[in-house]
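Engineer: Got chain D sorted already, so can you dock chain H onto it with the hints?
Residue numbers (the working numbering), protein chains in the order written: chain D, 5 to 406; chain H, 293 to 552.
It is worth saying that the hints were derived from the structure and are not from the lab.
C-beta: ideal position from N, C-alpha, C; glycine also.
Check before you lean on any hint, since a few could be wrong.
Pairwise CB distance ranges (calculated) [claimed, not checked]:
id, chain 1, residue 1, chain 2, residue 2, range
1, H, 425, D, 28, 34 to 40 Å
2, D, 402, H, 538, 41 to 47 Å
3, H, 313, D, 400, 32 to 38 Å
4, H, 492, D, 315, 47 to 53 Å
5, H, 425, D, 402, 36 to 42 Å
6, D, 293, H, 381, 52 to 58 Å
7, H, 417, D, 17, 18 to 24 Å
8, D, 343, H, 313, 55 to 61 Å
9, H, 366, D, 353, 39 to 45 Å
10, H, 425, D, 353, 18 to 24 Å
11, H, 320, D, 326, 33 to 39 Å
12, D, 17, H, 312, 17 to 23 Å
13, D, 399, H, 475, 35 to 41 Å
14, D, 17, H, 538, 56 to 62 Å
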Amino acid sequence: MKSNTLTIIKKEFARFFGDRQLLFTSVIMPGLLIYIIYSLMGSGMEKMMTEGQDEMVTLRVANLPPTLEPMVTGLPSTIILQQPVSQEDIDNLKDKDLNEVLVRFPEDFGEMVETYSPQSGVAAPNVEIYYNSANNASSRVYNMLDASLTAYEDQMANRFDINRATPDEETGEVPSFDMASQDDVLGSILSKLIPMLILMMLFSGVMAIAPSSIAGEKERGTIATLLVTPMRRNELALGKVVSLSGIALLSGLSSFIGIVLSLPRMIPADAAGVELGLNYTGADYTVLLLIILATVLIMASAVSLLSALAKDVKNAGTMITPLMLVVMFCGLVPMFQSHVPEGLAAYLIPFYNSIQVMTATFAHEMTWMPVVVTLGANVVYTGVAVWGLTKMFNSEKVMFSK
Amino acid sequence: MEREVILRTEGLSKTFTLSRKQQKIERSQEKRKTAVDTLSFEAYRGEIFGLLGPNGAGKTTTLRMLSTLIRPDSGDAVLDGYSVVNQPEAVRGKIGFLTSELKLEDFFTPNYLFDFFSRLHHVDESTAAARKEQMFSRFGIDKFAEVKVANLSTGMKQKLSLVISLVHNPDIVIFDEPTNGLDVLTARTVTDYLQELRSEGKTIILSTHIFSLVERLCDRVGIIIDGRMVACGTLDEVCNGMNIEDRFFELYKEVKGGEE
Numbered sequence: 005m006k007s008n009t010l011t012i013i014k015k016e017f018a019r020f021f022g023d024r025q026l027l028f029t030s031v032i033m034p035g036l037l038i039y040i041i042y043s044l045m046g047s048g049m050e051k052m053m054t055e056g057q058d059e060m061v062t063l064r065v066a067n068l069p070p071t072l073e074p075m076v077t078g079l080p081s082t083i084i085l086q087q088p089v090s091q092e093d094i095d096n097l098k099d100k101d102l103n104e105v106l107v108r109f110p111e112d113f114g115e116m117v118e119t120y121s122p123q124s125g126v127a128a129p130n131v132e133i134y135y136n137s138a139n140n141a142s143s144r145v146y147n148m149l150d151a152s153l154t155a156y157e158d159q160m161a162n163r164f165d166i167n168r169a170t171p172d173e174e175t176g177e178v179p180s181f182d183m184a185s186q187d188d189v190l191g192s193i194l195s196k197l198i199p200m201l202i203l204m205m206l207f208s209g210v211m212a213i214a215p216s217s218i219a220g221e222k223e224r225g226t227i228a229t230l231l232v233t234p235m236r237r238n239e240l241a242l243g244k245v246v247s248l249s250g251i252a253l254l255s256g257l258s259s260f261i262g263i264v265l266s267l268p269r270m271i272p273a274d275a276a277g278v279e280l281g282l283n284y285t286g287a288d289y290t291v292l293l294l295i296i297l298a299t300v301l302i303m304a305s306a307v308s309l310l311s312a313l314a315k316d317v318k319n320a321g322t323m324i325t326p327l328m329l330v331v332m333f334c335g336l337v338p339m340f341q342s343h344v345p346e347g348l349a350a351y352l353i354p355f356y357n358s359i360q361v362m363t364a365t366f367a368h369e370m371t372w373m374p375v376v377v378t379l380g381a382n383v384v385y386t387g388v389a390v391w392g393l394t395k396m397f398n399s400e401k402v403m404f405s406k
Numbered sequence: 293m294e295r296e297v298i299l300r301t302e303g304l305s306k307t308f309t310l311s312r313k314q315q316k317i318e319r320s321q322e323k324r325k326t327a328v329d330t331l332s333f334e335a336y337r338g339e340i341f342g343l344l345g346p347n348g349a350g351k352t353t354t355l356r357m358l359s360t361l362i363r364p365d366s367g368d369a370v371l372d373g374y375s376v377v378n379q380p381e382a383v384r385g386k387i388g389f390l391t392s393e394l395k396l397e398d399f400f401t402p403n404y405l406f407d408f409f410s411r412l413h414h415v416d417e418s419t420a421a422a423r424k425e426q427m428f429s430r431f432g433i434d435k436f437a438e439v440k441v442a443n444l445s446t447g448m449k450q451k452l453s454l455v456i457s458l459v460h461n462p463d464i465v466i467f468d469e470p471t472n473g474l475d476v477l478t479a480r481t482v483t484d485y486l487q488e489l490r491s492e493g494k495t496i497i498l499s500t501h502i503f504s505l506v507e508r509l510c511d512r513v514g515i516i517i518d519g520r521m522v523a524c525g526t527l528d529e530v531c532n533g534m535n536i537e538d539r540f541f542e543l544y545k546e547v548k549g550g551e552e
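Chain D on its own, in the form it takes in the complex (with noise of 0.2 Å):
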């Protein structure tokens, strides 16, 4: 009798894969979405931090004392121009489109600077910076300046440094005094990250199609047809929650291919630090394909449970959408926890126990114990909704209210 499951599994990806929009819009739309969204976003990112770069700025001074000069001058594309500072001066920098700063040393800052005790109680010098924060050419240029002086005060009173990035002299490297692995920043930053994409993938997958394969075919009347079939209840639920599990694992695997082909254009190696190069074993693969078979499994199964208590598929959308927030929020949980919990007990709660195996994998911190708990207890879990989804097609109540 496993064949009629076949039949209905066989039916539901023909009718999946024949309707060439429903195709589009499930399976090939969200990757190609989320790969247009997300390169545009890293393109923009990138394209507001190098602008105005390159842009000549003229850097007004007055009062610069010579010990600064080599500083001053050495700022890149800059045209300096040493000459009082008047207040229309100062007005005119409001015009955002001016790539100006205007920079007040106090008379005499270099002797004022020498003589200066913090313990007499008088007001440090203080320099003027003007800037219009608006325009990235002036901003970059008073930032520059910023750093040097507050370099050249803190060469000034220099009592102790704190992880001072002197390069080997033979070498010429960097010390770095951050311990973590690259892998362990790399596995930090996906733990949070990809298995709440993931989940988000996979649900938003079952929701476009499970509501119009169950809540529709109600609606449609094409349920009783199959109904009146010797097709066994549980041969047709297992049928739809299989079928629906498949198509939904290619809807979220097409979104994965979307953020994995985009994170490089959204997140450029050198900006987040690390190089993007995956060191992942066999054994974490594996875990992870199981876990996301599990997950979607028990996706399916709890979506088409809600699906078949419906009328109709608007109402299925309402019914399932509480369902959506609670896996909304498993998703959110390793954001705010450091590690993932030890008692297998929370291994039992499903969602919240695939989000944790994912995160434990991608931070290498996998065991066992809990991927076969949440495998176990998914696995038990989908046996009982295909039981209830049985149990649904076999009451009329169900099945035939309107």
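Structural biologist: This is chain H only, laid out in the frame that chain D set:
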């Protein structure tokens, strides 16, 4: 010669819960309504048995119980040796059920649907292919075999529904209001086909409220009023020398008294 009983119902009953709105419409305080009340009748192999009754008499509910779409509250029906209560899957393998509430998916073609339902009924491929060719040509579906159901005319959809319900060549055909909503041509095709099925030894159970259909098609008839069987037998036995329409109203008055 003793005729073979292929369908026997015994004390078949079904009640439904009424919604408050429905209670108001029916001006009733009762929360439950009895749709079918201890219905018992028999049908013989190779005959057309008609369930005749006004709207709401319980005809469709009876047929839905026979097809195992809904379960009786009490009583049972045995079709070709299988109980609708205990062996619903086996019953579904023996019957072809057709009613307007059973729809076909718009997305698929007649060709695909015939094959799909043949597989669900475990008809082997060569038999299914031969039957498809014969049935499609009999009902003129062959020219539209690759047209999606959504694009078929209403008449063609109904003919396809009939063909699909019979993919497994069942011995018992249960037909709810067979000519309802059909144009005259399609209605004639269907009634002709029902007679053809009878000549092949099939048993047809149909429900209707059309007297002429009963007179033209049925070998035996059961008259249902308010969920109860008030008369059952051959047309001659039931009609008592009257025509079926007069006899029906006579029975209706007997059951309902003065009320309309």
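Engineer: Are the hints correct? Go through all of them and say.
Structural biologist: Checked hints:
Look at residue 425 of chain H against residue 28 of chain D: about 35 Å separates their beta carbons, and that is inside 34 to 40 Å. A C-beta distance of roughly 44 Å is found between residue 402 of chain D and residue 538 of chain H, which places it inside the suggested range of 41 to 47 Å. Checked against the hint of 32 to 38 Å, the pair residue 313 of chain H and residue 400 of chain D fails, with Cβ atoms roughly 20 Å apart. Separation of residue 492 of chain H from residue 315 of chain D is about 41 Å and departs from the stated range, judged on CB atoms against 47 to 53 Å.
The supplied range of 36 to 42 Å is met by residue 425 of chain H and residue 402 of chain D, whose beta-carbon atoms lie about 39 Å from each other. Between residue 293 of chain D and residue 381 of chain H the C-beta distance comes to about 36 Å, which lies outside the given range of 52 to 58 Å. A C-beta distance of roughly 19 Å is found between residue 417 of chain H and residue 17 of chain D, which places it inside the suggested range of 18 to 24 Å. Range check, residue 343 of chain D to residue 313 of chain H: Cβ separation about 56 Å, and the 55 to 61 Å hint holds.
Between residue 366 of chain H and residue 353 of chain D the Cβ separation comes to about 43 Å, which falls inside the hinted range of 39 to 45 Å. Look at residue 425 of chain H against residue 353 of chain D: about 56 Å separates their beta carbons, and that is not inside 18 to 24 Å. A C-beta distance of roughly 37 Å is found between residue 320 of chain H and residue 326 of chain D, which places it inside the suggested range of 33 to 39 Å. One distance hint, 17 to 23 Å for the beta-carbon pair residue 17 of chain D and residue 312 of chain H, is violated here, with the actual separation near 44 Å.
Separation of residue 399 of chain D from residue 475 of chain H is about 36 Å and conforms to the stated range, judged on CB atoms against 35 to 41 Å. The hinted window of 56 to 62 Å between residue 17 of chain D and residue 538 of chain H holds, with their beta carbons roughly 57 Å apart.
This entry does not satisfy hints 3, 4, 6, 10, 12, going by the numbered hints stated previously.
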